[in-house]
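Number of protein chains: 2
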Amino acid sequence: MNGAESLIGTLTKAGVTVCFMNPGTSEIHFVAALDRAPAMRGVPCLFEGVASGAADGCARMTGKPACTLLHLGPGLTNALANLHNACRARVPLINIVGDHATFHRHFETPLASDIATLARPHSVWVRSSESSPQLGRDCAEAIAAARAAPGGIATLIVPADAAWGEGGLIADVPPIAVPQLPDEARIAEAAALIRSEGRVGLVLGAGLTLGRPLAIAGQIAAKAGAKLLAPFAFTRIERGADRPAVERIAYVTEQAIEQLSGYDALILLGAPPPVAFFGHPRKPTVLTSEKTRVFTLSAPDEDGAGALEVLAERVGAQHGRPVLQAFERPQIPGGDITPNGLAAVVAALLPENAIVVDESITSGRGMLAATASAPPHDWLVNTGGSIGVGMPLAVGAAVACPGRPVLCLEADGSGMYTLQALWTAARESLNIATVIFANRAYAILKGELAAASDNPGPRARDLLEIGRPDLDWVSLAKGMGVPASEAPTIDAFAAALRRSFAAHGPTLISVPL
Amino acid sequence: MNGAESLIGTLTKAGVTVCFMNPGTSEIHFVAALDRAPAMRGVPCLFEGVASGAADGCARMTGKPACTLLHLGPGLTNALANLHNACRARVPLINIVGDHATFHRHFETPLASDIATLARPHSVWVRSSESSPQLGRDCAEAIAAARAAPGGIATLIVPADAAWGEGGLIADVPPIAVPQLPDEARIAEAAALIRSEGRVGLVLGAGLTLGRPLAIAGQIAAKAGAKLLAPFAFTRIERGADRPAVERIAYVTEQAIEQLSGYDALILLGAPPPVAFFGHPRKPTVLTSEKTRVFTLSAPDEDGAGALEVLAERVGAQHGRPVLQAFERPQIPGGDITPNGLAAVVAALLPENAIVVDESITSGRGMLAATASAPPHDWLVNTGGSIGVGMPLAVGAAVACPGRPVLCLEADGSGMYTLQALWTAARESLNIATVIFANRAYAILKGELAAASDNPGPRARDLLEIGRPDLDWVSLAKGMGVPASEAPTIDAFAAALRRSFAAHGPTLISVPL
Chain A
1 MNGAESLIGT LTKAGVTVCF MNPGTSEIHF VAALDRAPAM RGVPCLFEGV
51 ASGAADGCAR MTGKPACTLL HLGPGLTNAL ANLHNACRAR VPLINIVGDH
101 ATFHRHFETP LASDIATLAR PHSVWVRSSE SSPQLGRDCA EAIAAARAAP
151 GGIATLIVPA DAAWGEGGLI ADVPPIAVPQ LPDEARIAEA AALIRSEGRV
201 GLVLGAGLTL GRPLAIAGQI AAKAGAKLLA PFAFTRIERG ADRPAVERIA
251 YVTEQAIEQL SGYDALILLG APPPVAFFGH PRKPTVLTSE KTRVFTLSAP
301 DEDGAGALEV LAERVGAQHG RPVLQAFERP QIPGGDITPN GLAAVVAALL
351 PENAIVVDES ITSGRGMLAA TASAPPHDWL VNTGGSIGVG MPLAVGAAVA
401 CPGRPVLCLE ADGSGMYTLQ ALWTAARESL NIATVIFANR AYAILKGELA
451 AASDNPGPRA RDLLEIGRPD LDWVSLAKGM GVPASEAPTI DAFAAALRRS
501 FAAHGPTLIS VPL
Chain B
1 MNGAESLIGT LTKAGVTVCF MNPGTSEIHF VAALDRAPAM RGVPCLFEGV
51 ASGAADGCAR MTGKPACTLL HLGPGLTNAL ANLHNACRAR VPLINIVGDH
101 ATFHRHFETP LASDIATLAR PHSVWVRSSE SSPQLGRDCA EAIAAARAAP
151 GGIATLIVPA DAAWGEGGLI ADVPPIAVPQ LPDEARIAEA AALIRSEGRV
201 GLVLGAGLTL GRPLAIAGQI AAKAGAKLLA PFAFTRIERG ADRPAVERIA
251 YVTEQAIEQL SGYDALILLG APPPVAFFGH PRKPTVLTSE KTRVFTLSAP
301 DEDGAGALEV LAERVGAQHG RPVLQAFERP QIPGGDITPN GLAAVVAALL
351 PENAIVVDES ITSGRGMLAA TASAPPHDWL VNTGGSIGVG MPLAVGAAVA
401 CPGRPVLCLE ADGSGMYTLQ ALWTAARESL NIATVIFANR AYAILKGELA
451 AASDNPGPRA RDLLEIGRPD LDWVSLAKGM GVPASEAPTI DAFAAALRRS
501 FAAHGPTLIS VPL
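Line order of the protein sequences matches chains A and B. According to our numbering, the first sequence is numbered sequentially starting from 1. According to our numbering, the second sequence is numbered sequentially starting from 1.
This is chain A alone, in the form it adopts within the complex:
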């Protein structure tokens, strides 16, 4: 067994069965080994940012790590922007980066680079596996590191000769560190806050806005009259009818301050204190006022789910009924395209059990509110502010959940960073309906420019327009094998979205704004 075979064997034995890959020469033995490893699915990507974003999306939906396969330093660097997002999403991810053969590394060659240094800022674990017999064990350690709470990126660097050399050994994953409960003092304090008269919000971090933790948080909220909140940059929320409502903290500073102004206490579980996305010359960074107590019950690497269980008991909520969202569909409006009209169409047509990936930036801000009472579904957003994660996340979610429809709400500016994801969606026949909000501008920056400059000049304004020429997303999609149409009216959008949800494989709808 060569090193590459032992690597794949170790991955699949541990349940890591999808590899989003853009290999090169130094990874060719990994590719060759796939024919002897039917349990591993290789998903080809034409750009590494698609691979890393898809691995993130896959992990968000399964809770298990997927892996990447990247080509040396440049392959890694192309993946880093979406690894930044994955890092903030706190998902487990095995990031496999090929390297030159150990005997080749000390020569001055074009592709030589310092892979470990480039990987370290986004990784919880980095190691170069220096020999074939070591590769399986190193991979097993990588998996344990990635899966330790709350989940992180483990980067395994694989020199080509470690992959091609004989003596490979499949290894078992060592015991994974069990996250600790917050100490008693903190639990008692949180319970006291909840029992108090004041208005309380529970801010839920990654992994707590779904499944059992969400249900328990809903019980606590119902008992205490508290609200469930999530950071603006949340990982995944299970929402819609028959689920407790989780309110997203707003992006716009003034809105967030208003939203949080009424709370006497915010209890953070694996979530950071609410601060503005960016610093600003005339706006506050901290979004809460002095009258709001911001209390951290659990850090991200602690057992937030367990903390919710204990807290529910303490406040006597463990047998209570959470307040659940009602089921309600809006009417489909007609007429011209408006943000509210688009949101109403999505709310009216969203299939049960859909996965929504939302990177619509300015254009889709009404979507969450409109779909609060739609059939149960999942909602994923950009967690790290590195735009260009939407379509890759959709690929990963669709690979993870082949039976579920995926709706990807994408801004035209953001979509251009990783449009190669459309090809992978076509290649793998993934059920993804992509909606492009084509406002032909970095609209969010136009707002920032107006705020930064009393009288922005024509050159500055022009640099934030991404028209002239307009991007023609119908052609771009066609170029990558994805059937696409333009929806210039609400009726056309509704008809196209219906067709997309009924279709097998990916589709794209471009909505001119």
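Keep in mind that a hint or two might mislead.
Same chains, same label: a pair holds when it works inside one copy or across any pair of copies.
In silico DSBU-like pairs for lysine-lysine, Cα to Cα no more than 35 Å straight-line [claimed, not checked]:
id : residue 1 : residue 2
1  : K64       : K291
2  : K446      : K227
3  : K446      : K13
4  : K283      : K13
5  : K283      : K64
Note that these hints are calculated values from the structure, not bench results.
With chain A held as given, fit chain B onto it using these hints.
Quick look at chain B alone, frame taken from chain A:
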């Protein structure tokens, strides 16, 4: 004057007058300042790898730094793959990366990241400018660092409050370190090698395959019966009729070994010893045999141009005539598409003074030989092995040289990494004729797979096919506003290429292979 204004003022005063940019909120004051800085041209890019590759192309053609403008850590990481290539090209480049305001950096926010660590592996100089009055001086130091021989990437990190704050000061560039001549012993030894009876090659690094250094190298070569060589990954060669011929060292290990086998000595000027691109289980890494003396006359940071002048004197070549390429155009063949036929068409039609950017990987290997006697032109290739630099380099070259036609020879697999470059070409009406060699595969990897595995399986082979669905480059180009056509025959290719060279603005020709 705010910090952003002093930054742009310092750049333009030093002759840095083009900025390839993909700004975000933290760079908005730089954008706003452009309306008060008419000497700075802002070129918008939809993906940061386009910006960094274009800055490289611009610097290769002007010898002066261009600058980038990137949005925090993720913007930087998206640019890194082509910064890797720029680093290997040894071009000067001012890499400007916005950061959070200094007072905002210590909060846990989605976009916080360790920009300096991510920038360091590819930069000769990294600094975060912590206040507005400091920004101009830091920028001036960055320019000096980037321009010190042989040229490198200086990364200037600009916190948003340093950009928006008042007190900015335009600074002058401090003295730039002058590169040293190699010591006398090395020059004497090189002269002795050249005067010897043996067969000698001069391997010329970045900056020596053009202009006066190339002319002098040609004189030396003519006098000594020596050959001029360039590394496979060269930065820029001035070539064609009336210029000394420079032979590229082959990529394929066996070919390179054969090519270099007859030399008694290789004299390296700013070029690394010839080694294989990748290590291989059964092939040598070092491309020269023991009978060939490999002698380094000048390191990249030494004065290679000066060394050539001194050497020419020592061997009495300074008044000699170099052997120059004759002018010759081939006939345009007809019939089906073949690599030789495509190369003949390019050789027959290449306009005088054209700039050729060649990232055609396997499909274009005959291009260099076929165009050796074409009218004088420049040839740029991928210097770092990070594929996806071709179309961005073409953008940068076209911005640098508005009067010159640019021909971009691009492989379909490589082109997909940075296809967003087409939009910038359209936006800026750049005279770039892009030819896509659509073999619908990572063909170079299919060869590697065959070499790695005696009997590659269907899954491995399938992962190296980038068809199913085929990429439709005519639609992709149309989607970004670039007129495009498919050329299924040699005649059609010749007709389309003629139209492209006559057109104003970018065009694309897709050639199915």
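Are there hints from earlier that the structure breaks, and if so, what are their numbers? The structure breaks hints 1 and 5; every other hint is satisfied.
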